[in-house]
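These protein sequences, in sequence, are chains A and B.
Note that this note's numbering has the first sequence beginning at 1, numbered continuously upward.
Note that this note's numbering has the second sequence beginning at 1001, numbered continuously upward.
There may be inaccurate statements among the hints.
One-sided excerpt, in silico: chain A residues whose CB lies under 7 Å from chain B [said to hold, decoys possible]:
(1) 1
(2) 5
(3) 9
(4) 14
(5) 17
(6) 24
(7) 41
(8) 46
(9) 56
(10) 59
(11) 61
(12) 67
(13) 74
(14) 84
Partial list, computed: chain A residues near chain B (C-beta under 10 Å) [stated by the list, open to error]:
(15) 3
(16) 16
(17) 20
(18) 26
(19) 30
(20) 35
(21) 43
(22) 49
(23) 57
(24) 63
(25) 65
(26) 70
(27) 86
Bear in mind the hints are in silico, worked out from the structure with no lab data behind them.
Every residue gets a Cβ at the ideal spot worked out from N, C-alpha and C, and that includes glycine.
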Amino acid sequence: MALERDQVLHIAELVKLSLTEAEVELYRQQLAEILDAMARLNELNTDDIPPTAHVTAQRNVFREDRVREWFSTSDALANVPDASDGFVRVKPVLDK
Amino acid sequence: MCACRHTIAEIQVALQTGRTTSVALTREILDRIDQIEPELRAYLHLAADLALEAAQAADRRRSDGEDHPLLGIPLAIKDVLCTRGMPTTCGSRMLEGFRPPYDATAVARLRKAGVVPLGKTNTDEFAMGSSTENSGFWTTHNPWDLDRVPGGSSGGSAAAVAAGAAVAALGTDTGGSIRQPAAFCGVVGLKPTYGRVSRHGLVAFASSLDQAGVLTATVRDAALLLETMAGHDPLDATSAKEPVPSYASLLDGGLQGMRLGVAREYFPGDGVDPAVRDAIQGALGVWRDLGAEIVEVSLPHTEYALPVYYLLAPAEASANLARYDGVRFGFSYPEAQDIWDAYRMSREQGFGPEVKRRIMLGAYALSAGYYDAYYLKAQKVRTLIKQDFTQAFQQCDAIIAPTTPTTAFRIGEKVDDPLQMYMADVFTLSLNLAGLCGISIPCGLADGLPVGVQVLGDAFQEATILRLAHSFEQATPWHRMRPPICRDAHG
Chain A
1 MALERDQVLH IAELVKLSLT EAEVELYRQQ LAEILDAMAR LNELNTDDIP
51 PTAHVTAQRN VFREDRVREW FSTSDALANV PDASDGFVRV KPVLDK
Chain B
1001 MCACRHTIAE IQVALQTGRT TSVALTREIL DRIDQIEPEL RAYLHLAADL
1051 ALEAAQAADR RRSDGEDHPL LGIPLAIKDV LCTRGMPTTC GSRMLEGFRP
1101 PYDATAVARL RKAGVVPLGK TNTDEFAMGS STENSGFWTT HNPWDLDRVP
1151 GGSSGGSAAA VAAGAAVAAL GTDTGGSIRQ PAAFCGVVGL KPTYGRVSRH
1201 GLVAFASSLD QAGVLTATVR DAALLLETMA GHDPLDATSA KEPVPSYASL
1251 LDGGLQGMRL GVAREYFPGD GVDPAVRDAI QGALGVWRDL GAEIVEVSLP
1301 HTEYALPVYY LLAPAEASAN LARYDGVRFG FSYPEAQDIW DAYRMSREQG
1351 FGPEVKRRIM LGAYALSAGY YDAYYLKAQK VRTLIKQDFT QAFQQCDAII
1401 APTTPTTAFR IGEKVDDPLQ MYMADVFTLS LNLAGLCGIS IPCGLADGLP
1451 VGVQVLGDAF QEATILRLAH SFEQATPWHR MRPPICRDAH G
């Protein structure tokens, strides 16, 4: 199969990757090659086969909604690249 | 006492009788790490001071009368498991400098038992790879041949155990990432049943496949670690409530009446190195001599495991790795003008090529117009793969298979060809898709490189595969073989 440059750019935008020109071309070729290899699944008729999303026998897992001690605000914020006064600061979201 | 691959059981006796202390042992291993790490590069982060503190605490607990088998045992931890007080990078520049405020449950349980964490071992970035060449920092070398890869993604852990740079190590296995490096480095690698060990604090790659396990010098060591780590955890809703037996106490006893399945799909006409095939045949002979019956079984969808895995795992990864946005933790692009630029550039610069490739592949398989053809199709074939195992385990207690089609390959050999690299996992992927347990143990040498044989078990049948592996180990010399780097260290 062939993958178009626009398709690669569309996927990159979905996953928020600012690919370089060289990467766009590399992934265009490599993804097409990988997807070709994956296409052999079409040898199998799976019309009546249910999908498997997970392998545990569990259904819903519930717990009591109870407050418990967890780590402190300062621990929780310790890895934030840009924190101030207990808040996480981000770049502008809306146009000024 | 030489630190070069002593077993946990041996060390426990030495500690009990006062022949050594945890501090003395930890110092010896740290010295050994100093000596070989420039060539091996198994550790991303060494925590020497913390290790000596933990060893002192373990010695105090022992003098106060405690005697857990793991008390005072120096252990390496794959750098995808969160460790309080130590960096956790997942082998990614994205998480350089990240220090989690909590321990993974598996780590916390082992710390409580008294293990001495030595540091964090190298891995392919976010556990995506089969050689450690995808690490964002450096490639670990195979102690048997420094020009070869140790396997991956738990390659740092496997190399450390093989070279005596840790008594044992934690790893994780999403598609073979414990068993494949264990085979390449000549150590034991145990991948428990999905849900057997809590995933809390295991940084998510593919949540329906990820499982933590161990790399050790012997099967008994693996059993001792598993019985301490395993069990239900309220912090992981997918962890199983199955009771945890004392695996180490169930190792002995004969194999009479046990049936071992051999599936012809694991012995394709080409694609398996003849020397690997011979070693596996030899291993089957050992089990037969020990009283097991060999039966033929079929796993007809085995050849589809690779395409299923490389659609489902990247799909799950593309969702899991959305959290790396440069806002709450990890690399943040400093020059960004707005939030969208910050997302795109932080991810572009923080992630390496294989992680980007898988995020792209997974997002494509999940995207509108392609979901049914790729993602849903793969989920349906996953059902067929799972059914193959259900049927096979009606005829046998465990299945024997090669762990890898070849021995360790050369550094650089496959790194430019993603599909060739993916093929390195061809014999390990099915087990994760079906959520079952498996162990790889050394079963020979081919041209001076270790060969591993897998014992695959049904869900929560760890006791069965551990007993089979232990019996094999007791009857063969392979677990005592040491790489050249160990012989050199002792002249």
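Each hint tested on the structure:
no. : hint : verdict
1   : 1    : 11 Å, violated
2   : 5    : 13 Å, violated
3   : 9    : 11 Å, violated
4   : 14   : 5 Å, holds
5   : 17   : 5 Å, holds
6   : 24   : 10 Å, violated
7   : 41   : 5 Å, holds
8   : 46   : 4 Å, holds
9   : 56   : 5 Å, holds
10  : 59   : 11 Å, violated
11  : 61   : 4 Å, holds
12  : 67   : 15 Å, violated
13  : 74   : 9 Å, violated
14  : 84   : 13 Å, violated
15  : 3    : 9 Å, holds
16  : 16   : 4 Å, holds
17  : 20   : 8 Å, holds
18  : 26   : 8 Å, holds
19  : 30   : 6 Å, holds
20  : 35   : 7 Å, holds
21  : 43   : 8 Å, holds
22  : 49   : 4 Å, holds
23  : 57   : 9 Å, holds
24  : 63   : 6 Å, holds
25  : 65   : 13 Å, violated
26  : 70   : 9 Å, holds
27  : 86   : 14 Å, violated
The structure is inconsistent with the numbered hints 1, 2, 3, 6, 10, 12, 13, 14, 25, 27, although it conforms to all the rest.
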